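S.K.: Just so you know, the protein sequences line up as chains A and B, in that order.
When we follow our numbering, the leftmost residue of the first sequence carries the number 1, and every step to the right adds one.
When we follow our numbering, the leftmost residue of the second sequence carries the number 443, and every step to the right adds one.
Keep in mind the hints are simulated off the structure, nothing from the lab.
Don't take every hint at face value.
As the list claims (entries may be wrong) - Derived lysine-lysine pairs resembling BS3-like cross-links, with alpha carbons at most 25 angstroms apart:
no.	chain 1	residue 1	chain 2	residue 2
1	B	Lys709	A	Lys309
2	A	Lys288	B	Lys735
3	B	Lys646	B	Lys613
4	B	Lys580	A	Lys288
5	B	Lys709	A	Lys283
6	A	Lys288	B	Lys695
To be verified - Computed far set for chain B versus chain A, every beta-carbon distance over 10 angstroms:
no.	residue
7	Glu452
8	Lys501
9	Tyr546
10	Gly556
11	Thr562
12	Gly609
13	Arg630
14	Lys709
15	His743
16	Lys785
17	Gly808
18	Lys820
19	Lys823
20	Pro857
Unchecked claim - Derived DEER-like restraints, expressed as beta-carbon distance ranges:
no.	chain 1	residue 1	chain 2	residue 2	range
21	B	Gly741	A	Lys283	23 to 31 angstroms
22	A	Lys336	B	Asp663	56 to 64 angstroms
23	B	Lys530	A	Arg414	53 to 61 angstroms
Because the structure is a prediction, the values reported are computed rather than measured.
We treat Cβ as the ideally placed atom computed from N, Cα and C, and that holds for glycine.
Listed below, chain by chain, are the residues.
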Amino acid sequence: MAQSVKKPEKKFVDIGLDEGAARLTTDMIQQVISRVLKGETSAYLKAYVDTCVSCGLCSEACHYYLSHDKDPYYAPVVKVKQTIWEILKKKGKVSPEFIKKASEIAQTECDLCRRCAMYCPFGIDVADIILIVRWICYMLGVTPQYIQDIANSYSVTMNQMWIKEDEWINSLQQQEEEAQNEIATLRIPIEKEGADIMYSVISPRPEFRAQFIYKAAVIMDTAGVNWTMPATPGPDNSDMTIYTGDNEIMGRVKKTHFETAMRLKVKKILMSECDSIYDIGNKWLGWKWYPIEIVNSIEFYYELLRDGKISIAKKFEEPVTLHDPCNVDKGSALYKMARYLINATCKEFVEMNPNREHSYCCCAGAGVINCGPHWKMKQMHGSKIKARQLAATHVETVIAPCHSCYGGLEDVIRHYKLGMNVRFLSDILYECIEKPRVVIDV
Amino acid sequence: MLYSNCWNWETGTRLVANTGNWKAKFEWVEEPNVSPDGEKIAAIVKIGKGEFNVCVNGKIWGNHFDRIWHTRFGPAGRLTALVSQKGKWTVAVDGNAWKNSFDYVWNTIFSPNGENIAATIRQDSQYGVVVNDESWGKMFYDINNLTISPDGKRTVAVVQTVAFRKGDIFKFQEGCYTAAPDGKAWDRNFVNVWGLAFSPNSKKLAAEVRTSLYDYTVAVDGALWQDTFSCVWAPVFSPDNKAVAAPVRVADKWTLAENGKQIWDRKFFQLWGQIYSPDGSKLAAIIAPKFGKWTIAVGGHPWITTFSDLITDVVFSPDGNSVAAAGRDKGRWTIVVDDQSWKDTYDMAWQPVFSPDSRNVAAKVGKKEYYTIVINGKPWKHYCEALWNPVFSPNGNKVLIRAIENGKYYRRVLPITKI
Numbered sequence: 001m002a003q004s005v006k007k008p009e010k011k012f013v014d015i016g017l018d019e020g021a022a023r024l025t026t027d028m029i030q031q032v033i034s035r036v037l038k039g040e041t042s043a044y045l046k047a048y049v050d051t052c053v054s055c056g057l058c059s060e061a062c063h064y065y066l067s068h069d070k071d072p073y074y075a076p077v078v079k080v081k082q083t084i085w086e087i088l089k090k091k092g093k094v095s096p097e098f099i100k101k102a103s104e105i106a107q108t109e110c111d112l113c114r115r116c117a118m119y120c121p122f123g124i125d126v127a128d129i130i131l132i133v134r135w136i137c138y139m140l141g142v143t144p145q146y147i148q149d150i151a152n153s154y155s156v157t158m159n160q161m162w163i164k165e166d167e168w169i170n171s172l173q174q175q176e177e178e179a180q181n182e183i184a185t186l187r188i189p190i191e192k193e194g195a196d197i198m199y200s201v202i203s204p205r206p207e208f209r210a211q212f213i214y215k216a217a218v219i220m221d222t223a224g225v226n227w228t229m230p231a232t233p234g235p236d237n238s239d240m241t242i243y244t245g246d247n248e249i250m251g252r253v254k255k256t257h258f259e260t261a262m263r264l265k266v267k268k269i270l271m272s273e274c275d276s277i278y279d280i281g282n283k284w285l286g287w288k289w290y291p292i293e294i295v296n297s298i299e300f301y302y303e304l305l306r307d308g309k310i311s312i313a314k315k316f317e318e319p320v321t322l323h324d325p326c327n328v329d330k331g332s333a334l335y336k337m338a339r340y341l342i343n344a345t346c347k348e349f350v351e352m353n354p355n356r357e358h359s360y361c362c363c364a365g366a367g368v369i370n371c372g373p374h375w376k377m378k379q380m381h382g383s384k385i386k387a388r389q390l391a392a393t394h395v396e397t398v399i400a401p402c403h404s405c406y407g408g409l410e411d412v413i414r415h416y417k418l419g420m421n422v423r424f425l426s427d428i429l430y431e432c433i434e435k436p437r438v439v440i441d442v
Numbered sequence: 443m444l445y446s447n448c449w450n451w452e453t454g455t456r457l458v459a460n461t462g463n464w465k466a467k468f469e470w471v472e473e474p475n476v477s478p479d480g481e482k483i484a485a486i487v488k489i490g491k492g493e494f495n496v497c498v499n500g501k502i503w504g505n506h507f508d509r510i511w512h513t514r515f516g517p518a519g520r521l522t523a524l525v526s527q528k529g530k531w532t533v534a535v536d537g538n539a540w541k542n543s544f545d546y547v548w549n550t551i552f553s554p555n556g557e558n559i560a561a562t563i564r565q566d567s568q569y570g571v572v573v574n575d576e577s578w579g580k581m582f583y584d585i586n587n588l589t590i591s592p593d594g595k596r597t598v599a600v601v602q603t604v605a606f607r608k609g610d611i612f613k614f615q616e617g618c619y620t621a622a623p624d625g626k627a628w629d630r631n632f633v634n635v636w637g638l639a640f641s642p643n644s645k646k647l648a649a650e651v652r653t654s655l656y657d658y659t660v661a662v663d664g665a666l667w668q669d670t671f672s673c674v675w676a677p678v679f680s681p682d683n684k685a686v687a688a689p690v691r692v693a694d695k696w697t698l699a700e701n702g703k704q705i706w707d708r709k710f711f712q713l714w715g716q717i718y719s720p721d722g723s724k725l726a727a728i729i730a731p732k733f734g735k736w737t738i739a740v741g742g743h744p745w746i747t748t749f750s751d752l753i754t755d756v757v758f759s760p761d762g763n764s765v766a767a768a769g770r771d772k773g774r775w776t777i778v779v780d781d782q783s784w785k786d787t788y789d790m791a792w793q794p795v796f797s798p799d800s801r802n803v804a805a806k807v808g809k810k811e812y813y814t815i816v817i818n819g820k821p822w823k824h825y826c827e828a829l830w831n832p833v834f835s836p837n838g839n840k841v842l843i844r845a846i847e848n849g850k851y852y853r854r855v856l857p858i859t860k861i
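Let's have the full structure, built from the sequences with the hints guiding it.
M.R.: Written as structure tokens, this is what we have:
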């Protein structure tokens, strides 16, 4: 691998980084770093760094590296070298400018997709290392403005979009009314204690993808699922503070989420189509696994269809392809279930290549899309390989069972003028399932 | 006030309502609520397009509404609902809507004696509280965590007093939120305020606060504890009103602090849900003695019994000598009392209830689609479609069971020896 490390992108302006770094001194930096890098964190970080032989095999795994014509600057090992290695080598004696750069690399040049971990002969997880860099930068107050604002939103509302309690409930009620124009008896049951399922979503609001609640409600109503949604803070299953390094708010959001499920005495939490690295917050709190079982929507819909609780009335006519979200695939075998659903609902399915756990990241995940418009072009340049992959399918519909991927792919399609549209799995299911109680509103 | 003194405790079973028939009478029937004394069962029903009502023991309220949600019985048996007419929302109590209506109303809460009812409101994009049909008057940019005092005369909420644009991360860090007891904001703002608690005499107020992005502590009537911590959880007052206890995170471990000083000499992987015994002599809390293990600590001493998944709904007995909780181990729920788990496990378990004499513990539990009551680990051999928490008679010899069986709602009073 070439050793020269240059940064080809133009300078980006972000007050979260610029003003945050301006408030720092080298002493402050050293103190914070020594606080973070101790105990267990220090031990496994040292193991990673001591194990890495700089072979560069991780490079070919990284969509940023591939999208930038194999520029070594974007190789995972170089990202690590430019951040934590320097921090360790200099025992935390690094400059504010260094921290600003480290934050930019960690927050906007790595989606924590973990593809590189599969290519590393030692299995070094660069995502873990980058998360520590993000944590250090957060503790130093150097986090991109937009994602810090999202973290602030979580701290107040427990959701990522500053949705107030009344707006949330009102949004559910509006969705229910809209759905009743189609199915007169359909309900979105709010605060139903003892339901089997608590449906958790990524803070929607009426003007932003609220329709997926409506569609999920239709699917669950058709399948006769005993479900509910809370009227209190805690419905949001994303927890973007995982990605900023604000562990305390991450824990608080997760605590609220699971305590809401415990209060409602539900048996399971159904997670909307989401690729969040979900089991970090619960571990910070001391829960080894989820205290209340979490079911991913892909698995949930798969079981409904497999068990005959929903049936297919018609098939989706247009050829479709599937984007495999990174954590859905690397964390489990859900990709098989996604394909089962697509093959059952769509006339023609065209695989993207590579796919499943080898799929390229959408370049939006792990908070990259949430860093705001300052970084949008950087995200687009990092997704060139994804755009090529999409174009090679020659289909017009891509299914993305994840909100970040959905948004990221919309951006990619627009930027590269691919002429495609993005759908959730629930969009396809909603269109294709037998709905026994259709009412035409006259 | 212990209302159960006034209830009918005559042993026997009485059919209160044939709820199964309601589905034939109305377009739809929502999940029912039952009054604390078991005498009434109520559900929101749809009468026609855009017409909703509440059916109580088979009879509907005199007024229809455009929309109704969140029916709840208060401790004194009054039935509230959040109702909408022509786009405006208010609270209806036993079918009578309050005179004042708002752009939106939510989160109905009751004083312990049930006499006072409060809810949060939105009017003209501003937020406040309404108590017994009277608004605080003062409105704020946002509101959450509505809480009512033990005497029912005071309310408090977390409020936003400073406006800031979305994305203004530095303004946010200056502190835009505070607590507003009775609508009067504390004179100091914080980055965040959560977990509000009134003292038992209703005179003091404690809250967990974040003073910067990295510093957490407890504020009592706006005054901060001397030390800050890397995190805290919600505080509680001691029964004598003198102490405030809160979990605090110190050097990546959790312990319990009282009035700002650490009072337990042990630290745990996690600690929350602390409660005082009724006489204030003991403190119990949910703890994780190590990662992935959950139990109760009383006075800082962990129980031997641990649960892999969670512990919740901790309660002291009235005499303060026992502690009970619901817990889940390897996916199965049970009840644990004084470090001893009940033998049976369940798909779900609700908060255990002590008898007034502290000698017996009952809990609602669920298996598959059915629910029953378990007393001291022994199940009642009835399997109900719906069931509410058991209530012991004032002398502790009987238990009130409120249950729907075969589509009919029954009020049962059984001697506990019959279970």
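S.K.: Does the structure break any of the earlier hints, and which numbers would those be?
M.R.: 1, 3, 4, 9, 11, 12, 17, 23
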